[in-house]
Amino acid sequence: MNAPLDALLAEFDVDVTEIEADPGFTGGTFRRPDGSLLFVKPAGRPVAEWELMARAMLGRALRVQLPPLPSLYELTELSASA
Numbered sequence: 001m002n003a004p005l006d007a008l009l010a011e012f013d014v015d016v017t018e019i020e021a022d023p024g025f026t027g028g029t030f031r032r033p034d035g036s037l038l039f040v041k042p043a044g045r046p047v048a049e050w051e052l053m054a055r056a057m058l059g060r061a062l063r064v065q066l067p068p069l070p071s072l073y074e075l076t077e078l079s080a081s082a
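Note that this note's numbering has the sequence shown beginning at 1, numbered continuously upward.
Calculated directly from the structure, the hints in this document are not laboratory data.
From the three backbone atoms N, C-alpha and C, an ideal C-beta is built for every residue, glycine too.
Be aware that one or more of the hints could be misleading.
To be verified - Lysine to aspartate or glutamate pairs mimicking EDC-like chemistry, simulated, CA-CA at most 20 angstroms apart: (1) Lys41 x Asp6; (2) Lys41 x Glu51; (3) Lys41 x Glu20; (4) Lys41 x Asp13; (5) Lys41 x Glu74.
Unchecked claim - Label pairs and their in silico Cβ distance ranges: (6) Phe25 x Pro68: 15 to 23 angstroms; (7) Leu75 x Arg32: 17 to 25 angstroms; (8) Glu20 x Arg63: 24 to 32 angstroms; (9) Arg60 x Ala21: 13 to 21 angstroms; (10) Val47 x Asp15: 12 to 20 angstroms; (11) Ala43 x Gln65: 26 to 34 angstroms; (12) Val47 x Phe12: 17 to 25 angstroms; (13) Asp34 x Pro67: 26 to 34 angstroms.
Please model the complete structure; the sequences and the hints are all you need to start from.
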């Protein structure tokens with residue numbers, strides 16, 4: 001998880017789309033039916049913030065234990081009911 005972010009996202013075949021979003025939104029992950037991942041990146045946010053959130057989202061998706069996020073940030077997991 002210490003590799004450059006672009007290399008990590010490529011290794012795990014993560015697509016990234018950028019959207020305009022409210023200031024409180026720092027990113028999102030969508031697991032497609034085929035198991036591939038789509039990350040939603042908010043436009044205009046600091047690069048360091050995106051690095052932090054993308055790594056946290058990837059770690060959560062892969063079920064990799066990572067250090068806690070700074071208290072300003074939180075990952076929330078939602079699941080669709082069948």
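Could you tell me whether the CB distance from aspartate 34 to proline 67 stays inside 26 to 34 angstroms?
This hint holds: roughly 30 angstroms between Cβ atoms.
Keeping to a limit of 20 angstroms between CA atoms, is the pair of lysine 41 and aspartate 6 held or broken?
13 angstroms, holds
CB of phenylalanine 25 to CB of proline 68, is that within 15 to 23 angstroms?
20 angstroms, holds
Whether the CB-CB distance between glutamate 20 and arginine 63 falls inside 24 to 32 angstroms
31 angstroms, holds
Okay, valine 47 versus phenylalanine 12 on CB: inside 17 to 25 angstroms?
This hint holds: roughly 20 angstroms between Cβ atoms.
For lysine 41 and glutamate 51, compute the direct alpha-carbon distance and say whether it is at most 20 angstroms.
10 angstroms, holds
Can you confirm whether the C-alpha distance between lysine 41 and glutamate 20 stays at or below 20 angstroms?
9 angstroms, holds
Given the hinted pair lysine 41 and aspartate 13, is their alpha-carbon gap at most 20 angstroms?
16 angstroms, holds
Is the gap between the beta carbons of arginine 60 and alanine 21 within 13 to 21 angstroms?
19 angstroms, holds
Verify the proposed pairing of lysine 41 with glutamate 74, using a straight-line Cα cut of 20 angstroms.
Status holds; Cα separation ~15 angstroms.
Using the beta carbons of leucine 75 and arginine 32, state whether their distance is inside 17 to 25 angstroms or not.
Holds: the Cβ-Cβ distance is about 19 angstroms, inside 17 to 25 angstroms.
Go ahead and decide if the range 26 to 34 angstroms is satisfied by the Cβ distance of alanine 43 to glutamine 65.
Because 30 angstroms falls inside the window, the suggested range holds.
Of the numbered hints given earlier, the model fails none.
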